[in-house]
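J.: Here is how the chains run, residue by residue.
Protein chains: 2
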Amino acid sequence: MVDVVILLDYWPSMFGVRTRIALEEKNIKFDYREQDLCNKSALLLEMNPVHKKIPVLIHNGKPVCESLIQVEYIDETWPMEYPLLPSDPYQRAHARFWGDFIDKMLPGLGKLMWGAKSVEQESGKKEFIDMLKTVEFELGDKTYFGGETFGYVDIALIGFYGWFDAFEKYGNFSIEAECPTIIAWAKRCVKRDSVAKSLPDSEKVIELIPELKKKKRVE
Amino acid sequence: MVDVVILLDYWPSMFGVRTRIALEEKNIKFDYREQDLCNKSALLLEMNPVHKKIPVLIHNGKPVCESLIQVEYIDETWPMEYPLLPSDPYQRAHARFWGDFIDKMLPGLGKLMWGAKSVEQESGKKEFIDMLKTVEFELGDKTYFGGETFGYVDIALIGFYGWFDAFEKYGNFSIEAECPTIIAWAKRCVKRDSVAKSLPDSEKVIELIPELKKKKRVE
Numbered sequence: 028m029v030d031v032v033i034l035l036d037y038w039p040s041m042f043g044v045r046t047r048i049a050l051e052e053k054n055i056k057f058d059y060r061e062q063d064l065c066n067k068s069a070l071l072l073e074m075n076p077v078h079k080k081i082p083v084l085i086h087n088g089k090p091v092c093e094s095l096i097q098v099e100y101i102d103e104t105w106p107m108e109y110p111l112l113p114s115d116p117y118q119r120a121h122a123r124f125w126g127d128f129i130d131k132m133l134p135g136l137g138k139l140m141w142g143a144k145s146v147e148q149e150s151g152k153k154e155f156i157d158m159l160k161t162v163e164f165e166l167g168d169k170t171y172f173g174g175e176t177f178g179y180v181d182i183a184l185i186g187f188y189g190w191f192d193a194f195e196k197y198g199n200f201s202i203e204a205e206c207p208t209i210i211a212w213a214k215r216c217v218k219r220d221s222v223a224k225s226l227p228d229s230e231k232v233i234e235l236i237p238e239l240k241k242k243k244r245v246e
Numbered sequence: 028m029v030d031v032v033i034l035l036d037y038w039p040s041m042f043g044v045r046t047r048i049a050l051e052e053k054n055i056k057f058d059y060r061e062q063d064l065c066n067k068s069a070l071l072l073e074m075n076p077v078h079k080k081i082p083v084l085i086h087n088g089k090p091v092c093e094s095l096i097q098v099e100y101i102d103e104t105w106p107m108e109y110p111l112l113p114s115d116p117y118q119r120a121h122a123r124f125w126g127d128f129i130d131k132m133l134p135g136l137g138k139l140m141w142g143a144k145s146v147e148q149e150s151g152k153k154e155f156i157d158m159l160k161t162v163e164f165e166l167g168d169k170t171y172f173g174g175e176t177f178g179y180v181d182i183a184l185i186g187f188y189g190w191f192d193a194f195e196k197y198g199n200f201s202i203e204a205e206c207p208t209i210i211a212w213a214k215r216c217v218k219r220d221s222v223a224k225s226l227p228d229s230e231k232v233i234e235l236i237p238e239l240k241k242k243k244r245v246e
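Heads up: the sequence lines are chains A and B, in that order.
Convert by adding 27 to the 1-based position in the first sequence; the result is the number in this note's numbering.
Convert by adding 27 to the 1-based position in the second sequence; the result is the number in this note's numbering.
Be aware that a few hints might be false.
Chain copies aren't distinguished; within one or between two, either way the pair holds.
Straight-line C-alpha distance at most 25 Å; calculated BS3-like pairs for lysine-lysine [unchecked claim]: (1) Lys56 - Lys160; (2) Lys153 - Lys56; (3) Lys53 - Lys218; (4) Lys53 - Lys243; (5) Lys160 - Lys89; (6) Lys214 - Lys79; (7) Lys153 - Lys131; (8) Lys169 - Lys89; (9) Lys169 - Lys241; (10) Lys242 - Lys214.
I should point out that these hints are in silico values taken from the structure, not numbers from a laboratory.
Given the structure is predicted, the values throughout are model-derived calculations rather than measurements.
Bound-form chain A, shown alone (with noise of 0.2 Å):
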């Protein structure tokens, strides 16, 4: 049976990157399907009709939610190519508990980019950075998270980089002379095709913000 492959996606987002870049380490080929947000189509809305949200996986007429959930079920089906976590148990939920605490930042960066009010931005950074150093003390002099090979944990992380020069620029601060080691990795992870290949382009990122920052006001 050939795999038919689907992914319900919008192209800035970080957590759609983990899952392109999922599927780029395991060369398997996918029909990428942009989706407008404010007009969702019928197609999101049956695979996803809890959250109805992108990233979404269609393996096969069968939808996959939740880009972590993704990744894992990518390593799974295709266990052969490439391994995007460790075989060990143990390892296993170490890498799981990374990628656990990187969606942790999520509430931070929220306040960071659409607060309403400065003070409240002002804390959603410091919250970011302060998380950013924890996952930069874990990574230490490692080249990758998991050690010599890239994997789940930088699969994780790497979504926010394309995101990284627009929380630079609306919190008005310097991720690189805060965390210097994740900036010299994340400069390593975008020489893999994988990562080039999926990332969003951060100029366009940054004047797509104005855009968002409306949209969540109406919300």
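Take the given structure of chain A and dock chain B to it, following the hints.
T.: Same frame as chain A, but now just chain B:
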């Protein structure tokens, strides 16, 4: 090598319950160590330096944090005893999706239980009921979330059951009136030794709430 398994936990924890049940289902003997969360032990701080929270599962000296990650770790480490997650990658992704969804009920429950204003409590209650109805729809007429066998999603949700009476009392509503199928499912789960042994006493949880409210306010 004999496995040494320690669980740092706090008796009313809906998260700790998950890990206790998973260990019981696998027939793993463990050393339960009750933690004083107002005066955190050196062991807790050493084993979970990032979040400093219970439950922490310590297996042969190495910590695993976050309850659903612990459940997966337990399943992967002792795969021969009673499987908790399905073996099929698609069904595993489906179970993980619902585990994640159940954790997304927490902000609503937080507002319901610890909200400073009644408008906040009401909105938390509504969020919780809406989400629990979605979970109930997923359960449908199945015996357990995975079908005929008790597993990962059941463990994720039943952790909350010891708190249901407290939610009802403080939210002034009946979960059974809103979600009768969930209550019938919970009563089935409680017949399992692993669950009966692990759930906190509802009466004691209710008695504890004023003290917890006071602490939340101080924080």
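J.: Against each hint, give a clear statement of whether it holds in the structure.
T.: Status of the hints after comparison with the structure:
1. Lys56 - Lys160: This pair counts as neither: shortest intra-copy Cα distance 36 Å, inter-copy 37 Å.
2. Lys153 - Lys56: neither (40 Å within a copy, 42 Å between copies)
3. Lys53 - Lys218: Only inside one copy: Lys53 and Lys218 sit 17 Å apart there, 44 Å across copies, limit 25 Å.
4. Lys53 - Lys243: This pair counts as neither: shortest intra-copy Cα distance 35 Å, inter-copy 46 Å.
5. Lys160 - Lys89: between (38 Å within a copy, 23 Å between copies)
6. Lys214 - Lys79: neither (33 Å within a copy, 32 Å between copies)
7. Lys153 - Lys131: So Lys153 and Lys131 pass the 25 Å test inside a copy (14 Å) and across (24 Å) alike.
8. Lys169 - Lys89: between (37 Å within a copy, 20 Å between copies)
9. Lys169 - Lys241: Answer is neither: 40 Å inside a copy and 44 Å across each miss the 25 Å cutoff.
10. Lys242 - Lys214: Result: close neither inside a copy nor across copies, 32 Å intra and 44 Å inter.
Hints 1, 2, 4, 6, 9 and 10 from the list above are not met by this structure, while the remaining hints are.
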